[in-house]
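Produce the entire structure from the sequences given, and follow the hints as far as they go.
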Amino acid sequence: NGGTGARFGKDGLSATAYPSGVRGTPVEIAETQTPLIFWRKELRPDSGGAGRTRGGLGQIIEVGSGVDAPFDILAAFDRIDHPPRGRDGGRDGEAGYVGLKSGKKLRGKGFQQVPPDDRLVVLTPGGAGIGDPATRDRAAVSDDVASGLVSSENAVRVYGYAR
Numbered sequence: 001n002g003g004t005g006a007r008f009g010k011d012g013l014s015a016t017a018y019p020s021g022v023r024g025t026p027v028e029i030a031e032t033q034t035p036l037i038f039w040r041k042e043l044r045p046d047s048g049g050a051g052r053t054r055g056g057l058g059q060i061i062e063v064g065s066g067v068d069a070p071f072d073i074l075a076a077f078d079r080i081d082h083p084p085r086g087r088d089g090g091r092d093g094e095a096g097y098v099g100l101k102s103g104k105k106l107r108g109k110g111f112q113q114v115p116p117d118d119r120l121v122v123l124t125p126g127g128a129g130i131g132d133p134a135t136r137d138r139a140a141v142s143d144d145v146a147s148g149l150v151s152s153e154n155a156v157r158v159y160g161y162a163r
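Counted from 1, the sequence shown has number 54 at position 54 by the working numbering; the numbering is strictly sequential.
Hint data in this document are derived by calculation from the structure and do not stem from the laboratory.
One or more of the hints may lead you astray.
What the hints assert, rightly or not - Below are the DSS-like pairs computed for lysine-lysine, each with C-alpha atoms no more than 30 Å apart in a straight line:
| id | residue 1 | residue 2 |
| --- | --- | --- |
| 1 | Lys109 | Lys41 |
| 2 | Lys41 | Lys105 |
| 3 | Lys10 | Lys41 |
| 4 | Lys41 | Lys104 |
| 5 | Lys101 | Lys41 |
Below is the structure:
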């Protein structure tokens, strides 16, 4: 589940599915029902497209086998090759990525296997921004940095933010 695009007057939703806006299954439930271990499932900083209103953030998800056996995935990931496009001066959201912790890139679609001694790494895409990032409310940029949604480097470089 990635970030949704910014809306006029509102930032996009982070780590949610389109069009329903639902969130994924909690890690604790998935781990009790499957032989998988979720090593990471967190927001992906700087993945939301910059803009007057910012795109929602994608996620970083890292999953491994909890038993000495491979596991199969049916990949159905979007926005791997083509990131969400910004509008009216807003920046594109970050593209997604699917691969193994060992460095091998996987396809965004189709059946694939994750070896027992490796981990699946998924970076879900961020939503696109709307409007010139330099026009974003300074308090919103400050809140984004304080919340870890936007790095202080990007706040300066992309938003022109200086404390």
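Status of each hint after checking the structure:
1. Lys109 / Lys41: At roughly 21 Å apart (the allowed maximum being 30 Å), lysine 41 and lysine 109 satisfy the hint.
2. Lys41 / Lys105: holds, 19 Å
3. Lys10 / Lys41: Holds, at about 25 Å.
4. Lys41 / Lys104: Between lysine 41 and lysine 104 the Cα gap is close to 20 Å, so the pair holds against 30 Å.
5. Lys101 / Lys41: holds, 14 Å
Every hint from the earlier list agrees with this structure, and none is contradicted.
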